[in-house]
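Participant: The opening position of the sequence shown corresponds to residue 240 in our numbering, with each subsequent residue numbered one higher.
The hints are simulated quantities; they were obtained by calculation from the structure and are not laboratory data.
Careful, some of the hints might be misleading.
Stated by the list, open to error - FRET-style restraints, in silico, Cβ to Cβ: (1) PRO362 - GLY327: 40 to 48 Å; (2) PRO306 - THR269: 26 to 34 Å; (3) GLU364 - PRO331: 37 to 45 Å; (4) MET240 - LEU271: 23 to 31 Å; (5) LEU271 - SER357: 19 to 27 Å; (6) ASP360 - ASN310: 31 to 39 Å; (7) GLU364 - ARG341: 31 to 39 Å; (8) SER244 - CYS301: 19 to 27 Å; (9) ASP265 - GLU364: 17 to 25 Å.
As the list claims (entries may be wrong) - The list that follows gives simulated cross-link-like pairs (lysine to any residue, SDA-like), each with its CA atoms no further than 20 Å apart: (10) LYS279 - TYR291; (11) LYS279 - CYS255; (12) LYS279 - GLN262; (13) LYS279 - THR289; (14) LYS322 - VAL337; (15) LYS279 - GLU363; (16) LYS354 - CYS319; (17) LYS297 - CYS258; (18) LYS322 - SER250; (19) LYS297 - PRO362; (20) LYS322 - TRP333; (21) LYS279 - ARG369; (22) LYS322 - ASP307; (23) LYS322 - GLN247; (24) LYS354 - GLU372; (25) LYS297 - SER357; (26) LYS279 - ASP368.
This structure is a prediction, so every number in the text was calculated from the model and none was measured.
We put the beta carbon where it would ideally sit given N, CA and C, even for glycine.
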Amino acid sequence: MHEMSHEQWESLCDGCGKCCRIQFLDDDDTMLMQTDVACKLLDTSTLRCTDYHNRLSKVPDCVQITPDTINDYYWLPDSCSYKIVARGEDLPSWHHLVSGNRELIHQEGFSLQGKLVSEMDVPEEEVEDRIIEWIAITD
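Throw the hints in and build the complete structure from the sequences for me.
Facilitator: Now the structure itself:
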């Protein structure tokens, strides 16, 4: 993992869209609440960032996932390709680096394609009303 070039690491992104949805922590910081509302930069049809190279300056909560920081992001799903590689496991058969098909993740139902709305289409005061999943945070 640490021997990978930046380009090789970046190519691991499977395009699931799960890291680009708006999430909240409860008041006790013990429950992660996920919404079906996507970052304003995410194209909800393709699940690709529309301004990937400038995203960190345009979206303050956006993060740069690296081999050194992957374990800091507990909220990434276990199916995240970065996490899979960090665990030393093989990429799944639907991953584009295995299958050669970037659409297979969507066809197999492992992405959020068709399940997200853009935060540009949801009034800010309604985003919290769109919580769809709670995940307990453990140490």
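Participant: Evaluate each hint against the coordinates.
Facilitator: Hints versus structure:
no.	hint	in the structure
1	PRO362 - GLY327: 40 to 48 Å	holds, 44 Å
2	PRO306 - THR269: 26 to 34 Å	holds, 28 Å
3	GLU364 - PRO331: 37 to 45 Å	holds, 38 Å
4	MET240 - LEU271: 23 to 31 Å	holds, 25 Å
5	LEU271 - SER357: 19 to 27 Å	holds, 21 Å
6	ASP360 - ASN310: 31 to 39 Å	holds, 33 Å
7	GLU364 - ARG341: 31 to 39 Å	holds, 36 Å
8	SER244 - CYS301: 19 to 27 Å	holds, 22 Å
9	ASP265 - GLU364: 17 to 25 Å	holds, 18 Å
10	LYS279 - TYR291	holds, 12 Å
11	LYS279 - CYS255	holds, 16 Å
12	LYS279 - GLN262	holds, 13 Å
13	LYS279 - THR289	holds, 9 Å
14	LYS322 - VAL337	holds, 16 Å
15	LYS279 - GLU363	holds, 12 Å
16	LYS354 - CYS319	holds, 17 Å
17	LYS297 - CYS258	holds, 16 Å
18	LYS322 - SER250	holds, 13 Å
19	LYS297 - PRO362	holds, 19 Å
20	LYS322 - TRP333	holds, 16 Å
21	LYS279 - ARG369	holds, 15 Å
22	LYS322 - ASP307	holds, 12 Å
23	LYS322 - GLN247	holds, 15 Å
24	LYS354 - GLU372	holds, 13 Å
25	LYS297 - SER357	holds, 15 Å
26	LYS279 - ASP368	holds, 17 Å
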